[in-house]
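Model the full assembly from the supplied sequences, consistent with the hints where possible.
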Amino acid sequence: MAMIAGQKSRLTWAVHLSVVVMVVLWLIPTVGLLVSSFRTTDQISQSGWWDAAFSVEKAFRDRIPGDGETQEGGVYVLTGNLLTNGQNAADLKSGTTITAFGTSGIKPGAYKAGETAQTDNGTMTVNADGSYKVTGSASFEGDGPRVYFVADMPPAFTLANYRQVLFSDGMGQAFMNTLTVTIPATIIPILIAAFAAYALAWMEFPGRGLLIAAVVGLLVVPLQLALVPLLRLHQDVGIGQSFLGIWMAHTGFGLPLAIYLLRNYMVGLPRDIIESAKVDGATDFQIFMKIVLPLSFPALASFAIFQFLWVWNDLLVAKVFLPANDQTKVMTVKIADDLLGSRGGDWGILAAAAFVSIAVPLGVFFAMQKYLVRGLLAGSVKGG
Amino acid sequence: MSPILQGIITIALGVGGCIAYFYASNLVLDKVIFPPRGADPGRNINRANMVRPWLFLFPAIAALGLYLAYPVVGSFWRSLFNRDGSEFIGLGNYEKLAGDDTFRQAVFNNFLWVLVVPALATFFGLMAAQLTDRIKWGSVAKSLIFMPMAISFVGASLIWKFVYAVNPEIGMINAIRVAFQLQPLDPLQVPFWNNFFLMVILIWIQTGFAMVILSAALRGIPEETVEAAVLDGANPFQLFFKIKVPQIMPTIVVVWTTITILVLKVFDIVYATTGGNFGTQILPSYMMQYMFRDDGRATAVAFVIMIIVLPVMIWNIVQARKEMR
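As given, the protein sequences belong to chains A and B, one line each in that order.
The opening residue of the first sequence carries number 1 in UniProt numbering; numbering runs sequentially from there.
The opening residue of the second sequence carries number 1 in UniProt numbering; numbering runs sequentially from there.
Don't take every hint at face value.
Partial selection, computed: residues in chain B whose CB lies under 7 Å from chain A [stated by the list, open to error]:
#1 PHE56
#2 PRO59
#3 TYR67
#4 ILE151
#5 SER152
#6 VAL163
#7 GLU169
#8 ALA298
#9 ARG321
Once the Cα atoms are required to be at most 25 Å apart in a straight line, the calculated DMTMM-like pairs of lysine to aspartate or glutamate come out as [stated by the list, open to error]:
#10 LYS265/B x ASP338/A
#11 LYS322/B x GLU204/A
#12 LYS278/A x ASP40/B
#13 LYS133/A x ASP67/A
#14 LYS107/A x ASP42/A
#15 LYS133/A x GLU115/A
#16 LYS112/A x GLU57/A
#17 LYS107/A x ASP129/A
#18 LYS58/A x ASP346/A
#19 LYS242/B x ASP232/B
#20 LYS96/B x ASP294/B
#21 LYS58/A x GLU169/B
#22 LYS370/A x ASP133/B
#23 LYS242/B x GLU223/B
#24 LYS107/A x GLU169/B
#25 LYS31/B x GLU275/A
#26 LYS290/A x ASP30/B
#27 LYS265/B x ASP337/A
#28 LYS244/B x GLU224/B
#29 LYS278/A x ASP30/B
#30 LYS31/B x ASP280/A
#31 LYS31/B x GLU204/A
Covered by chain A, per the in silico footprint, the following chain B stretches (three or more residues, Cβ under 8 Å) [stated by the list, open to error]:
#32 9–21
#33 124–132
#34 262–275
#35 284–295
#36 299–311
Treat the hints as calculated values from the structure; they're not laboratory data.
Predicted, not measured: the structure shown is a model, and the values here were computed from it.
Think of the CB as a built atom: it goes at the ideal place given N, C-alpha and C, for glycine as much as any other residue.
This is the structure:
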């Protein structure tokens with residue numbers, strides 16, 4: 001008995017452990033990019049994002065300014081601060097300390113901060129706070145010595161990437177464009193589909209089974225087929241590549257799933273309610289508007305989330321049905337065509353751009369997960 | 001006019017237009033065409049009810065016909081013409097495809113994707129579903145594994161490109177390689193295997209989908225069968241593979257086919273990572289290379305994809321009709 005109990009707890013541990021491993025594996029890539037979006041490009045290439053929470057040591061080179069020397073008891077002295085007034089001041093964040101320094105590039109960290117180094121004709125002392133004192137037996141004549149130092153930079157996070165992406169790189173405009181494409185393309189198919197789904201679920205007419213089969217078939221038609229003929233059609237009727245065109249395209253492409261999901265849901269509504277409304281003399285239009293539509297709210301929400309995520313994240317339809325200029329580019333196109341090309345190595349910018357585009361879908365996802373799951377189940381477990 | 005304003009007007013017109021259409025058409029049908037009065041009011045009501053479903057269906061059928069059914073025919077027709085559509089060349093485009101090495105490479109790679117991605121995504125999904133069902137914080141774990149579903153393929157490609165980056169201070173893969181004293185390399189340029197590194201991205205996205213559906217199916221298994229097996233002394237592995245999995249087989253098939261269809265359509269991942277270079281071309285991204293440049297060739301590729309999807313489509317329809325009976 002004891003052995004069985006032992007086995008059981010070991011198995012439970014194994015389960016917990018495997019789930020932890022899986023969650024970590026699934027989460028790490030996203031976390032990596034998220035952390036990187038708050039770091040400067042320099043930081044990203046100097047240390048892995050997994051080290052972002054720790055401080056970084058980096059070697060610098062500087063030349064001590066030779067002007068402003070003073071004389072102290074026969075020796076010439078230069079004083080100042082490497083961190084606040086040196087050539088590297090712009091790269092050094094507040095909180096940076098110097099851990100070591102040196103007089104030659106071969107050993108940039110030969111002396112600990114606070115120690116005194118012997119130079120050719122004098123001494124050099126650099127303290128942790130960056131202040132230095134250089135002495136020489138002869139005048140420097142405006143030409144100070146070279147100094148190398150190792151700085152310990154504290155972890156630093158910045159919003160600069162987001163500012164850059166949103167206001168200079170055009171992601172702000174692209175964000176608005178994505179929003180402009182997504183909202184009408186999410187709302188318009190819902191009503192059209194709801195009426196059709198009601199007819200397919202609750203009205204008797206010849207050819208109903210055939211129509212349902214057709215909807216199921218159209219669910220899997222590859223979008224690729226639609227691109228060339230429809231773009232052609234849009235151009236012939238004068239819509240061309242425009243927002244109107246992409247709204248209509250997304251409406252058409254979203255309809256099979258919408259009808260399918262809503263019909264599956266509406267069929268499951270209690271028959272009594274609808275029959276008794278009919279007996280009471282309600283027309284189909286009234287039944288639909290007053291009974292079926294309100295009761296179908298969960299299914300409507302499910303589809304709306306699907307369509308929203310799908311349209312927001314779409315690249316293919318946007319590339320084909322919207323003109324390729326900065327005024328109309330959506331975020332996915334912007335990232336895939338512009339940023340990955342021109343800023344291929346600029347990971348801070350790329351990461352920030354990715355998170356600007358991911359933020360809204362993630363918010364919707366976590367807020368409305370219940371409906372999303374419900375819709376997935378209705379769409380796939382039955383029939384599908 | 002600003003696009004945002006245009007959008008608001010479109011929403012108003014779209015929604016208002018829909019309601020107006022349905023309301024007005026029903027009104028016209030009941031009051032004008034077949035009013036329930038005159039010589040035979042009953043017959044008129046019956047007639048009106050015969051027509052009404054089609055009023056409800058008309059906008060949807062028109063949109064589906066125009067945006068999904070017509071393009072199947074239209075694309076095939078267009079694929080029989082040359083580059084700019086001026087000359088009928090029969091199956092010329094298909095012949096060109098058959099003779100193109102990149103196309104054959106794309107077909108081969110697509111075949112790999114179809115074999116690997118649905119299998120692994122379903123497998124991991126099944127594991128995740130079973131494991132998370134047994135623990136308290138399972139729902140949190142589920143929603144974290146499910147999360148990539150909300151991320152666009154482009155975003156996901158970027159996330160993984162970062163993981164694969166050559167610089168060992170950026171890419172985790174190379175950081176690990178360097179920690180083991182190996183030279184850093186670019187995973188996306190390793191011949192043949194780079195295809196699998198791209199597949200990882202889609203598996204990462206789709207596992208959550210498989211998990212959610214399979215977890216619901218696992219919960220739907222009747223308790224008695226599980227209890228009977230436990231009483232008979234089945235160990236947890238036997239319980240899972242011999243009792244539970246066979247009972248949710250139909251759902252596994254549904255998940256598998258759904259992901260298969262998706263694999264045949266996704267062009268974003270290859271487009272945003274390698275652009276089809278280094279031998280990673282697949283059919284959808286191959287098609288996009290010709291889009292806008294050679295519509296004849298592009299539609300021919302699209303039609304090839306359609307032919308590959310066709311068996312799944314027919315299977316789906318057969319299943320749906322079985323369900324309805």
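Earlier hints that do not hold, by number = The structure breaks none of the hints.
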